[in-house]
Amino acid sequence: MVIEHIDEQLPGAILDRHAFRGDQTIVVDRERFLEVVDFIFRDGFQQLIDVTAVDGHQRDPRFDVVYHWLNLASQERLRVKVRIAERVAMPSLVSRFKSADWAEREVYDMFGIPFEGHPDPRRLLMWEDFPGFPLRKDFPLDGGDRFCNEEIGASYAPDARSLNV
Amino acid sequence: MPAINLDDSVMTTRLDAVVNWARKNSLWPLPFGTACCAIEFMSMMASRYDFSRFGAEALRFSPRQSDMLLVLGTITNKQAPILRQVYAQMAEPKWVVSVGVCASSGGMYRTYSTLQGIDRVVPVDVYVPGCPPRPESMIYGVMKLQEKITRESLGARREHIEKFYESMARQDALQQAKGLSNYQVVREMVLAAGEQGAQQIW
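Residue numbers (our numbering), protein chains in the order written: chain B, 1 to 165; chain H, 166 to 367.
Looking at chain H on its own, in the form it has when it is part of the complex (with noise of 0.2 angstroms):
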């Protein structure tokens, strides 16, 4: 039998490696734009800033077909159900950009009817400080979720997935128990985590 040379042909290496390289280069958006954010985004999709140098071109706008969620401005009381939604929705393993001040701690409106950062209801990998921030910012946030994409395990994200799954059964059995809105039942999720001194639902 013949002596099989490999020498270059093969090379070794770990398998979450080469997974993780091929996830942070094929990023799929669903742009969640809710405010003047989204137009910076618009700004960073189009030709000058070009943001599909990164991998990350293919907008969807269905969450089943993406795992990059960009929210992009104010989210209100009345989204965040929406947005809970949204995020459940998405294929895993699913990455959410915080994008500008309002969607990462509520920004300048600090009132009964904005949702005072969207990591109280939903898993955030990324902020994005700003106000709005430029396409540079954007570009540069993306590029640390690239960053932190490398370094994960394959099961890293398995936890707090769980656990946002799990807020979201008691969501619906909070809603059916009391017979109030999915606004209302996450407006008090919120409320009483705060007064429990959580920072989060899920």
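In isolation and in its complexed conformation, chain B is listed as follows (with noise of 0.2 angstroms):
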């Protein structure tokens, strides 16, 4: 319905779609992505359920910054990805929608992706000095801690203060 709806109003600001069992994915194009937002709250999906993203690692572009919506007349739910490259940052929703204040901070903790206009870009999770992303592909289990594994000595990670990026 909603997806229909975007082609109308917004051409060309769908990259990709798929369904399976009403679960409903459009892959948006970054530089529209706050055009599409407007539009899909005018038709309803009011309240984001959550902000999370995958690192495709090799990929280019290498993250996929994942949004699920739910309308709340309808009980429709929208999953939104944009799909982003390293250091790129993602325009944020907390002026929009509250929900998002935590969520896109713990995505920056967790994939060191910025979002630019959050009133309080601080890290969620881990400390604020903490070295690296750790839901990163990139990033050892272990966080450079050889007492993660069985013979001490062996950590994935050659120096946990290299993890800065």
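Note that these hints are calculated values from the structure, not bench results. Bear in mind the structure is a predicted one, so any value in this text is a computation, not a measurement. Where a beta carbon is used, it is the ideal one built from N, C-alpha and C, also for glycine. Incorrect hints may appear among the rest.
[What the hints assert, rightly or not] Restricting the straight-line Cα-Cα distance to at most 20 angstroms, the calculated cross-link-like pairs of lysine to aspartate or glutamate (DMTMM-like) are: (1) Lys343/H - Glu35/B; (2) Lys343/H - Glu128/B; (3) Lys309/H - Asp284/H; (4) Lys98/B - Asp138/B; (5) Lys309/H - Glu222/H; (6) Lys243/H - Glu128/B; (7) Lys243/H - Glu8/B.
[Stated by the list, open to error] Simulated restraints on C-beta separations: (8) Gly56/B - Tyr305/H: 49 to 55 angstroms; (9) Asp138/B - Glu360/H: 20 to 26 angstroms; (10) Val88/B - Glu257/H: 50 to 56 angstroms; (11) Leu319/H - Leu125/B: 40 to 46 angstroms; (12) His18/B - Ser212/H: 30 to 36 angstroms; (13) Ser212/H - Asp138/B: 50 to 56 angstroms; (14) Gly56/B - Cys296/H: 33 to 39 angstroms; (15) Gln230/H - Leu125/B: 27 to 33 angstroms; (16) Val88/B - Arg213/H: 57 to 63 angstroms.
Assemble the dimeric complex from its two separately framed chains, guided by the hints.
Following this line, the structure appears as structure tokens:
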């Protein structure tokens, strides 16, 4: 439903789409993301459930930033993905959706994706000077801690301090 | 001068035996509960298992008023400096019981976020295995601690307490010198200890 509306009103904004058992996903161009957000808000998708990301690692562009919306009137759900490269910022949705606040901070904390216009762009879970971004695929699971391994002295990371990106 | 008959009114013993007898039967626990072990702990304190039988029913949530630190659950690296501070603030003599595998060794959480055993950052007296341990196991652990207290000489704990305070001073100095947060300082101390093959930072 909403996807057809976007097609009519904002032609070319949707780069890719798929649907599986009522699970609607669209991939949106980063430049037109805010346009689409405002449009689906007027269409009834007024609750932002979650913001997260996927690290494609070797893929170009590297990250998918994934947004989940719920239409409270029709109970429809919509997943919006935006593909961005490393060190590219996403526009923050905090001024539109309060629930974006901590979710965007968590995405920044775990993936190192900055959000432009966020009122409080600190890390959420890890401490401020924690080296690296843990959910990136090139981050060693043990974070350089040799105690995590069977044999003391065999960490995946050569030096934990080199994880700062 | 008439002879004084003391008979049964006096008995001789060693000073540490008397002091340890008093100490082991009036432990004041501080529950540092962070996970499911804390739920088992509630069961242990309640009427069915009745932990007060061991003279340790007076829970204190201030480290200043307690002498047995029960670490109940996963300690993350972000919790490590807090745990160290709580331990440092406790009244001496103080004992630590590490309850559950997460506190004892990191358990199944072999990741960047979890401290791989609290003995990396504070001295531990008794480890209780289990995930979570049953209340019986925890009680057995505390009984083992009581046995340990019975055997202690009064000055026995001085050495590792001093070592611990020395490591706190080292932590503060490092923090001032590098301008890091206390989380990152403890993390770097643990990582450096790992590189040197040391098991602990205190």
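Hints and how they fare:
A C-alpha spacing of about 45 angstroms is found between Lys343/H and Glu35/B, which places the hinted pair above 20 angstroms, so the restraint is violated. Restraint check for Lys343/H and Glu128/B: satisfied, since their Cα atoms lie roughly 14 angstroms apart, inside the 20 angstroms limit. For the hint linking Lys309/H to Asp284/H, the alpha-carbon distance of about 18 angstroms falls within 20 angstroms, and the restraint holds. Taking the CA atoms of Lys98/B and Asp138/B, the gap is about 31 angstroms. The hint is violated against a cut of 20 angstroms.
A distance of roughly 17 angstroms separates the Cα atoms of Lys309/H and Glu222/H; the hinted pair therefore holds under the 20 angstroms criterion. With a C-alpha separation of about 11 angstroms, the suggested pairing of Lys243/H with Glu128/B holds against the 20 angstroms cut-off. Straight-line distance between C-alpha atoms of Lys243/H and Glu8/B comes to about 50 angstroms, which puts the hinted pair past the 20 angstroms bound. With their beta carbons about 50 angstroms apart, Gly56/B and Tyr305/H fall inside the hinted range of 49 to 55 angstroms.
Look at Asp138/B against Glu360/H: about 21 angstroms separates their beta carbons, and that is inside 20 to 26 angstroms. Distance hint check for Val88/B and Glu257/H: the Cβ-Cβ separation is about 55 angstroms, which falls inside the suggested range of 50 to 56 angstroms. The supplied range of 40 to 46 angstroms is met by Leu319/H and Leu125/B, whose beta-carbon atoms lie about 44 angstroms from each other. In this structure the supplied range 30 to 36 angstroms is violated for His18/B paired with Ser212/H, their Cβ-Cβ distance being about 57 angstroms.
Taking the beta carbon of each, Ser212/H and Asp138/B are about 53 angstroms apart, inside 50 to 56 angstroms as hinted. About 35 angstroms separates the C-beta atoms of Gly56/B and Cys296/H, a value consistent with the hinted range of 33 to 39 angstroms. Range check, Gln230/H to Leu125/B: about 32 angstroms between beta-carbon atoms, so the 27 to 33 angstroms window is met. For Val88/B and Arg213/H, the hinted distance range of 57 to 63 angstroms is satisfied, since their beta carbons lie about 58 angstroms from each other.
Hints 1, 4, 7, 12 from the earlier list are contradicted by this structure; the remaining hints agree with it.
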